[in-house]
Amino acid sequence: MKKFLPRKWLLILVISPFLYFSGYAQSVISGKVTSRQDKQGLAGVTVKEIGTPQGTFTDANGGYTLTASRGARLSFSLIGFETQVVTVGSGKLINIILATQSTSISEVVVTALGIKRERKTLSYSVGTVKSEQITNNTNAFSAIEGKVAGVSINSSGGQVGASSNILIRGTTSITGNNQALIIVDGVPIDNTVNVTEANTGGAPSPNRAIDIDPADIDNVSVLKGGAAVALYGLQGTNGVVVITTKKGQKGVPKVELLSSIAFDKVDRLPFLQNIYAQGKNGKFLGPDKGQTRSWGPKLTDLRYNGDATYKYDSNGGLVLATDPMATVKKPNFYNNVNNFFQTGVTFNNNIAVSGGGDNAVYRVSAGIEKQNGIVPTTFFQRINLKTSGSATVAKNMKVDGDINYINSTGNFAQQGSNISGVFLPLYRTPINFDDKNGTTNVHDRRAYQFADGSQRDYTGGHFNNPYFALNQDPYISEVNRVIGDINLAYTPLPWLGFNYKLGGDIYSDNRTQKFEKGDVSSPFGKIISDNYLYKIINSDFQINLKHNITPDVTASLLVGAGIWSKSYTQTQLTGSNFLIPNFVNVNNSSAFSGFTNLQTQHRNSYYSILNLAYKDQLFLDASYRVDYSTALNPKNNAFTNPALGMSWIFTELPFLKDNSVLSFGKLRASFATTGNDATPYNLLNTFNSQTFADGLTNGITYPFLTSIGGFTQGATLGNPNLRAEKTFTYEFGGELSFFKDRLTIDATYYDKEGTSLIINVPLTASSGYATQTLNVASMSNKGIELALNIIPVKLDGFRWVLGGNFSKNVNKVIKLGVDQVSFGGFTGITVAAIQGYPNQSFFGPTFETDNKGNQVIDDVKTDAGYGYPIAGQVSKYVGNALPKWNAGITNTFTYKGIRLFALIDIRHGGSLWNGTEGALISYGKSDLTLKRGTQTVFAGVNGHTDANGVVVIDGGKNTTSATLSEGWYRGNGGGFGNVASQFVQDGGWVRLREVNLSYSLNKNWFKTGPVKSVEVGAFGRNLWLHTKYHGQDPETSLQGAGNAQGLDYFQTPGTKTYGLNLKVIL
Amino acid sequence: MKNQLIYSLIFAGTLLIGASSCKKTFMDPAINVNPNSSGIASDASLLPSIIVPVAYNTGGSLSWYTSMLDQQTVGVSNQFSNFSAYITSTSDYDNIWANIYQNCLINAAILNKQATAEGNLYYAGITKVLIAYQMGLTTDLWGDVPFSQAFKGASGNTTPVFDKQQDIYVSLFKLLDSAKSQLGSAKGGINTPTTDDVSSYHGNNAQWLKLANLMTARLAIHLSKVDPTYAQKAIDAIAAGAFASNADNFSVTFGTDGNSNNPNFQLGSQRGGYFSYGGSGTLGTPATASNYIFLPHQMFLNNDPRLAVYVTAYDDPSASAADVGDYFGSQNTPAASVNLVTYAEQNFILAEAYNRQGNAAASQTAYAAALTASFNQFSLDATAAGMTYINANSLLPADPTAALQQIMTQKYFALYLNPEVYTDWRRTGYPALSSAVAGVAIPRRFLYPLQEYSYNKANVPADINLTSRVYWDK
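Chains as they are written, first to last, in my numbering: chain U, 1 to 1066; chain C, 1 to 474.
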């Protein structure tokens, strides 16, 4: 070694803390360190002579050379493996086989940039989910739900391909992105929810992490705090989900077959009344009258009139039983909602072949999943082809890579606030009208079309028949995607390594939304062709250095540089006014409009992380990253992320070591500053060709008179000084393990405060602009996370593991600079940031109250609203969509080959605006309207509005009784009145999220054949749900993933799933 | 080992050099230039974005809100019925304010500066006339408003001061003088407007010059009450070369395609039932119904044939008394024009100016021309009913006050749905309107919008209410 020392000095100049002196040699010992599990050489094993400063590391193939004298004791240690100590004897070749460690404390977890670390050395909390907990889910996110403290995942509904919102430790940004970053094998992938129509209506879209096949996932690490994510710079501040896919292992080829079938059933539905028929003021008005509401007489008071020519119902029209036209035939009760849903069926097959030799390993897999939804005609299909491999291509040089091709297609049904959608008309359908018209096949035109081709619906053309929407207005999305990476690792010296990684995520998302002629919102027909092309390229170059500074202090340093680029193109073309019927095609259109939307953003970064370890006791991490973003002013486009963390395993202290009660104890603390980038194109003012509207009418869209273009100054004033959003986090925590891991506790407290958060601040129009993008807001998140693992029973062959996690996050918008910033919603209610309240709060008009919060009841006899609560004039904070706390309880029982796993998922608090119920009340469909016609005394105090519009409280408890009339329900008592806030309800739940039962068949049965093992299983999801929410499953979101959470307005209800699976290894 | 170290350095060096050499192009600031919108806008792409909003504002919101106050129309439901009952708050004006300043005049401020710098004089001149037109209406409705410091958000002033109305008038006269010299020059610069001038002038600078003179007269006559010398200024401006017939009228014609429809047509189809042009009850009967409207009843009593043009259903025998005149006739078509300044208005201005100078003969001549011009505008001057009406109303009384009343009342009938008549009523008190709400005075102005109180409070004039008078309304 001495002979190349001078050259080494060249590097030592650069890396002075890594001064390395070789010892005084007695004899040269060499050998190879391999893993017991896969017999592969282990690189980076620390080889130390105990009691001396001497030491080295193994090379890429596990080889090492060291000078030591006879009798010296050498230790071989590597994270994740049991340390071995051997005494040097007479031989000069010492080969070592290391076994993996099995305790959770020394578990190896994947941290930022894919760096593998022993959990015990970390100064921050990391959540992990293993592959066996991930299968049986279409969306990898759903698999994490309830399993990791600090992670809040909300599925947007029960439709196939529904998006999931993933928040880690609350919301970090106000109007910016709050979704966690998704990394697959070191490559940041796109997780956007692409939208074609307004996301309050239209077909729902998946978040694009759905393209990852859960069957290919080996493990998931969730990096939560600032220090954990600081190495990701401007993209990681919302937390990072690091997905590592399965890799091949040395050995004879192994074939793994996974197959499952699952059945989805619709779960909770809105609560509907089944007594009153269509009409108004108690009078029956049938579908031919265009009355959309169910304020008619009781269905039982009606009789068919026997009119065979009546086109809406083969039994004839309905009249009162007392009517001279009435026959004796009682009307059918049509349960349109229950008749609508089908049993969804999902087939999932994945086959993987893996194996390898000394120099190369591979894994090739193919998966197909076809999911037919509970909504007829809807489906989601994903085909995955994946190859990964790793090869030692030259001495000390290893290349590995993955390539994953995905084809995802789906047909999704329009929902939400959309008269062309499915659920808005379906839930409002009166019980006297059969949406299906007696048909059984969902494609039967007689349900939704009359003989003359016009649409058959109960509203006289106000809403689509749901079956028209399904058959005539399909929405097809097809994604073709490639995610790949290649990694080149060169380890010329045991203490020096270079790594270069290039990865990319490229996909197209081609969507077509059709509206056949006769659709209620596009009566002349329309087709939207919407095409997205995304491209993310990420490249990282890293230098790794390791050194034993003293016998007790080891150091490793990583310095790196990276570039990241993201671009996308959206091209949308809308053709309308079809010339020929039944030909829904752009070529059939007589009017066109369209636009393109391009976006490009680049980031360039430099980073380093230093890890110091003192004995096995004290660990220090210090990292620093600088990001340069093109979205910021070139003169001021650098953003720095420093982070510092320490952890102390106090059970290494002599008087605590080898304690049989407290087997492990650790304290940790970390501090970090992280950032969230600005979105591109906010620096300069630009001119747009757009619409001139006046707030009352649609106004003018250029080109005026079809040919005269007009450009107008953009409404948002650019901000050349825009900076990235900055968040400072500190985190304290500890881990305790008792009775050799029979009881482990992990607790974390964190406090993160975001400053210079970006919002669009309104300006007065006389400045020439409507808003300006400014770094003005600040917001805090404080919280605790607890994870508990107990092994109450551990007998021979039987094991019961009880796990629990709890997380509470308190969010507060500290400063906003404006009254409120709305993210979305309706005119009555919006989801908004309001200063002094948690983010994602509901903002809307309430009933007028006195200063004690009592409703004010109108006490003026001559008022139309006498005896009823008075609607308030101004909008207020009326609740919050963020949960107060989340918890998950898992139970795992294993007995020989049998494994039973159950997860109870609890969400406490977190409100939803039940707009579905509000609307159904107005329509006389909600079960709450069964009280129609009865008298009630509204609780509250007496008062009224004076001539100046000022509310006067007269005091005294209201004793006036008022009628729960149609007028009340259609007015302020319902969803279309002035008081939207009354429908903000507790959206908390307790649910049996997952149950899995699996059985590994006795291996002795397969001794002779090619089959090595067989596992069969049964699983269920969402089998039981308890909630106070008066509506469908509160795990829902009208606007999908994004900042406007907590809105329930006619989206697809949630599902229960039952399934069977089979795993065969050949 | 030696080789490995050399390889390492080459490996690292190559990557670092590669990284640093591509850094410049990789981090090129041009990447952050929005490809979806333009950093610049040509004169021809900005001009329609001024003319169309001016016409849409004038024929839409400004017309709807002023006509409810001057009783040419009435609001029937939602915010319009409240407005007709003088129940209004600052937030009701936010959209109108934004339409004027942020959707329209910001483009004019940019085009004026840009065209002047480029030497495209006709563009600059036309833009100045449009600014004078739109700012004139704005200050007439609100009094003191931002102007000298308005549209300066991009240069850092997002809270402009409110200028005194008399100062704004001085600025507008200067602006019009500058417009006249630019429009009157022999050459309009390298680029001159063509089809991008979507007004009735189609890029004809001589026509715009006539309008510039007439705009000076319009603004001057507004001041003639507080300063009588302005009557002569109005006369002089018209004498300098204004309209010669209805062929010179300034108007914008809308289109049948769904993106280009007339504002009244859009209001009728998108906000049906908000607004009534005819009111209810039997025409000509005294005001009893809550949505009685002064104008159609008076025109009915006067046997004015223009009423049939304004309100189609007024003589429709099948219309029930309750909804008589609910439909605004010729404007209730998608492609109808909005008349902004007419030959009739010019003659009414002259008649008023001479009246204020005591020149009864000149006033009479101008008045008769005004009446004829109005009927001619609707092709009614040669009809029997038209001639009957003109003959019956063409003579002014000898008493100057009575003469002024007749001039202003006939101007009120002639300028249907034009915000100018609300200004005239406030200046002169004619026609004699009585409040729609007992005990509450008819508002004499618009309130400042909520956004000014929210984001520019320090500059908003204090103590403003619906009856606070603007400068010329003393």
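Think of the hints as simulated: they come from the structure by calculation, not from any bench.
Bear in mind the structure is a predicted one, so any value in this text is a computation, not a measurement.
Every residue, glycine too, gets a C-beta built ideally from N, C-alpha and C.
It is possible that part of the hints are untrue.
[As the list claims (entries may be wrong)] Have a look at the derived ranges for each label pair, beta carbon to beta carbon:
1. Val952/U / Val437/C: 31 to 37 Å
2. Asp307/U / Ser379/C: 50 to 56 Å
3. Asp819/U / Gln79/C: 53 to 59 Å
4. Ser290/C / His1026/U: 52 to 58 Å
5. Asn157/C / Phe583/U: 26 to 32 Å
6. Asp850/U / Gly272/C: 54 to 60 Å
7. Val952/U / Asp167/C: 48 to 54 Å
8. Pro400/C / Gly967/U: 54 to 60 Å
9. Ala402/C / Asp819/U: 52 to 58 Å
[What the hints assert, rightly or not] To give an idea of the chain U side of the interface with chain C (calculated C-beta under 8 Å), a few residues:
10. Pro376
11. Phe379
12. Tyr568
13. Gln572
14. Gly594
15. Leu653
16. Ile700
17. Ser756
18. Asn760
19. Pro762
[Unchecked claim] No farther apart than 16 Å at their CA atoms in a straight line, the calculated lysine to aspartate or glutamate pairs in the EDC-like style are these:
20. Lys566/U / Asp28/C
21. Lys635/U / Asp167/C
22. Lys233/C / Asp163/C
23. Lys330/U / Asp358/U
24. Lys957/U / Asp819/U
25. Lys280/U / Asp313/U
26. Lys32/U / Asp358/U
27. Lys457/C / Asp313/U
28. Lys298/U / Asp267/U
Note to self: Checking hints one by one. Is Gly594/U an interface residue toward chain C, by the C-beta closer than 8 Å rule?
What the structure shows: Cβ of Gly594/U sits 13 Å from chain C, so the hint is violated.
Note to self: So, as I understand it, the hint says Phe379/U touches chain C; can you test that by seeing if any CB pair is closer than 8 Å?
What the structure shows: 34 Å, violated
Notebook entry, point to check: Range hint 48 to 54 Å: satisfied by the CB atoms of Val952/U and Asp167/C?
Noted result: 44 Å, violated
Next item on the list: Would you check the hint for Lys566/U and Asp28/C, treating anything up to 16 Å between C-alpha atoms as holding?
Entry: 14 Å, holds
Check: How about Gln572/U: closest beta carbon in chain C under 8 Å, or not?
Finding: 12 Å, violated
Item checked: Satisfaction of hint between Asp358/U and Lys330/U, Cα-Cα up to 16 Å -> With Cα atoms ~80 Å apart, Lys330/U and Asp358/U exceed 16 Å; violated.
Next item on the list: Evaluate the given range 52 to 58 Å for the C-beta pair formed by Ala402/C and Asp819/U.
Entry: Since Ala402/C and Asp819/U have Cβ atoms about 54 Å apart, the given range 52 to 58 Å holds.
Item checked: Hinted contact Pro376/U with chain C - closest CB pair below 8 Å -> 34 Å, violated
Item checked: Minimum beta-carbon distance criterion (8 Å), Leu653/U to chain C -> 41 Å, violated
Check: Close enough to count: is the Cβ of Tyr568/U nearer than 8 Å to one in chain C?
Finding: Violated, about 12 Å.
Notebook entry, point to check: So the hint says 52 to 58 Å: do the beta-carbon atoms of Ser290/C and His1026/U match that?
Noted result: 54 Å, holds
Notebook entry, point to check: If you draw a straight line from the CA of Lys957/U to the CA of Asp819/U, is it 16 Å or shorter?
Noted result: 34 Å, violated
Hint compliance for this structure: hints 1, 3, 5, 6, 7, 10, 11, 12, 13, 14, 15, 17, 18, 21, 22, 23, 24, 25, 27 and 28 are not met, and every other hint is.
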